[in-house]
Amino acid sequence: MSSTTITRVRRPGAALQRRRTALAGWLFVSPAMLLFLVFVAGPFVFAIALAFLKWDMLTTPEFVGIQNFATLFSDPILPQVLLNTFVFAFASIVTHLVLGLLLALAVNRVASRAIGYFARVAIFFPFLISWAAVALLWKYVLDPTFGYVAQYLAGIGIEIPNFFADPAWAMPAIIFIDLWHTVGFTFIIMLAGLQTVPSELVEAARTDGATSWQIFWNVTLPLMSPTMFFATIITFIGAFQIFDPIQIITRGGPQNSTTTIIMYLYEKGFQAFDMGYAAAVALLVFLIIMGVTVLQFIGRRKWVHES
Amino acid sequence: MTLLPPATDSREDVIVRVERSRRRRRRPTVGGVIVDTVLVIFGILMLSPLVWLIVQSLTEAEFAFAAPPNWLPVPFTFDNFADVFEYMPFFQQFGNSLLLAVISTAGALFFSVLAAYAFARIDFRGSRTLLVLMLSALMVPGQLVIIPIFILMRQLGLVDTLASLWLPALINVFQIFFLSQYFKTIPRELDEAARLDGAGHLWILFRMLVPLSAPAVAALAILGFEASWNGYFGPLIFLSSPENMTLPLGLVTLQNGFGAAPAVIVFAAITMVVVPLLVVFLAFQRQIVESVASTGLKG
Chain A
0 MSSTTITRVR RPGAALQRRR TALAGWLFVS PAMLLFLVFV AGPFVFAIAL AFLKWDMLTT
60 PEFVGIQNFA TLFSDPILPQ VLLNTFVFAF ASIVTHLVLG LLLALAVNRV ASRAIGYFAR
120 VAIFFPFLIS WAAVALLWKY VLDPTFGYVA QYLAGIGIEI PNFFADPAWA MPAIIFIDLW
180 HTVGFTFIIM LAGLQTVPSE LVEAARTDGA TSWQIFWNVT LPLMSPTMFF ATIITFIGAF
240 QIFDPIQIIT RGGPQNSTTT IIMYLYEKGF QAFDMGYAAA VALLVFLIIM GVTVLQFIGR
300 RKWVHES
Chain B
0 MTLLPPATDS REDVIVRVER SRRRRRRPTV GGVIVDTVLV IFGILMLSPL VWLIVQSLTE
60 AEFAFAAPPN WLPVPFTFDN FADVFEYMPF FQQFGNSLLL AVISTAGALF FSVLAAYAFA
120 RIDFRGSRTL LVLMLSALMV PGQLVIIPIF ILMRQLGLVD TLASLWLPAL INVFQIFFLS
180 QYFKTIPREL DEAARLDGAG HLWILFRMLV PLSAPAVAAL AILGFEASWN GYFGPLIFLS
240 SPENMTLPLG LVTLQNGFGA APAVIVFAAI TMVVVPLLVV FLAFQRQIVE SVASTGLKG
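In order, the protein sequence lines correspond to chains A and B.
Numbered as in numbering that gives the first Met the number 0, the first sequence ends at 306 without a single skipped number.
Numbered as in numbering that gives the first Met the number 0, the second sequence ends at 298 without a single skipped number.
Bear in mind the hints are in silico, worked out from the structure with no lab data behind them.
Cβ coordinates follow ideal geometry from the N, Cα and C atoms, glycine included.
You may find that some hints are simply not true.
As the list claims (entries may be wrong) - Not the full set, but computed from the structure, chain A residues with beta-carbon under 8 angstroms of chain B:
hint: 1; residue: 27
hint: 2; residue: 62
hint: 3; residue: 63
hint: 4; residue: 243
hint: 5; residue: 252
hint: 6; residue: 256
Said to hold, decoys possible - Which bits of chain A does chain B cover? Going by a derived footprint, with three or more residues having C-beta under 8 angstroms, they are:
hint: 7; segment: 67-79
hint: 8; segment: 103-110
hint: 9; segment: 113-121
hint: 10; segment: 162-175
hint: 11; segment: 182-191
hint: 12; segment: 215-225
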């Protein structure tokens, strides 16, 4: 430190000054860069290499060329797994965006402070609870004998299916639980977006005789489109990687009806210890997420209103 | 029905109209009452699983999960909570979760702040390339890199330790990007002034930029803590002994593992996780909600 002051007094040349700045820059960035190399970039390259190997982590790794990628195309379960994942992601986007926006619109116009506070807490709090707690709790809530949903519905003569044992109902049940858990996030994003809609515009439209519906459709919604776009991308990326509730509640069953791509990756890599194939599946996830995100950004020009 | 606007708008007309519409919005309308009612009912439905959870955990085991559902803990007992400790090392796992969350959050923020300063304030060759390289990693799913990291941790003999979880958490590219963007909104003239007074990089960063960025740092800290506290995938892969587990994994093991606990005890354990969280949330509601809204990061 003291040498720094001395050289500064001596007014070093511009070149020395520049080198000193560069050194400071690299010094500040080096811890993060080192961690980045060890825990992100390195593992990324290693994962690509791993996809060309056959390795169970016990015996010597064996180079198998593109065999793992070829297996991706002949895997009899993978199409079902991808379909499950896309169904979940699509249902997740639609339900979260629609319900999140409706709730934000409702809370935004509530007159009573108490009701607004209660609604915000009730809608948002589940998002903060760990998936582990949420999944265990809902396993009982939806239980056909112990759960109160079944008990109330039985009271009015409706018998609910055994959701998590029925291949037709397991995925819808997971989608529903995910909505309960995560809609608070979408809701908060939408509420923040609504607050950026200038109230003068809404007032002006109202004084000009526009109905609430017209205002929503022609003023609020276009101004909300950047927020909706952001929420769509974030929801897709999150939903495509859904894992926790599925591993905890159904473990992919019954009959693979809830096996999503990350659940499949976990089974292959950390239960069957087929590390090479798991890496190939992980690369597929990476490519799909990147591809869909790029597509969404291309589509953005069409339906997002830029002010 | 809104009156049609007159052909010519005088200033007064506009003011009168705005005043009128403002008054109309304050008066309770039929639509407003319906929206309020729907929201209250919706809120109650959202909270009902949590109320049910807490009530069952406070009810004597043989009377819990009754049909029709009980919404009051009768007969009341705390025994289920006492029994939790016979099935899982709750406080040990609570401590593990806390330690992991604190180290991950504080460590990641420290390294992110340093890197963000370099990217925002120091012009050095290669900085742009490096930032773009790091940002492209945002698209890489964590599950892709976790396989090699698992192999690495096995080589280092760190599997089944908390270090296998907090070491990879020390790098957070999103934080670096978010903070460097935030630093850029702070006028650079402040740095120049401090430098003229003899301040070095570290003083400018930690005594000036970080305090000025307190809202951003706090938001990232809240989100980082939340993600670490609630994480499941990492602990599931790295941790195996109950005394090393974090709470989420401990809860699931309590229900799935050998000698699984009865439902009321699982519920008592979940309650012991959820109720403190609710207290923290109600105390810091504004900060937590704002941190989610401002960064838009999904836990």
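Against the structure, the hints:
Of the supplied interface hints, the one on residue 27 of chain A holds, with its beta-carbon coming within about 4 angstroms of a beta-carbon of chain B, less than 8 angstroms. For residue 62 of chain A, the shortest C-beta to C-beta distance to chain B is roughly 16 angstroms, which exceeds 8 angstroms, and the interface hint is violated. Look at residue 63 of chain A: its Cβ only gets to about 16 angstroms from chain B, farther than 8 angstroms, so that hint breaks. Interface restraint check: residue 243 of chain A against chain B, minimum CB-CB distance 5 angstroms, threshold 8 angstroms, status holds.
For residue 252 of chain A, the interface hint is violated, since its Cβ never comes within 8 angstroms of a Cβ in chain B; the closest pair sits about 14 angstroms apart. Annotation: interface hint on residue 256 of chain A violated; nearest CB of chain B at approximately 20 angstroms, more than 8 angstroms. Coverage of the segment 67-79 of chain A by chain B is violated [criterion: at least 3 residues with CB-CB distance below 8 angstroms; count 0]. Restraint check on the segment 103-110 of chain A versus chain B: 5 residues with Cβ-Cβ distances below 8 angstroms, three needed, restraint holds.
Look at the segment 113-121 of chain A against chain B: 6 of its residues bring a Cβ nearer than 8 angstroms to a Cβ of that chain, three or more, so the hint holds. A stretch counts as covered by a chain when three or more of its residues have a beta carbon under 8 angstroms from one of that chain; for the segment 162-175 of chain A and chain B the count is 0, and the coverage is violated. Under the rule that three or more residues need a Cβ within less than 8 angstroms of chain B, the assignment of the segment 182-191 of chain A holds, with 5 such residues. Note: the segment 215-225 of chain A has 0 residues with beta-carbon separation from chain B under 8 angstroms; the three-residue rule is not met and the coverage is violated.
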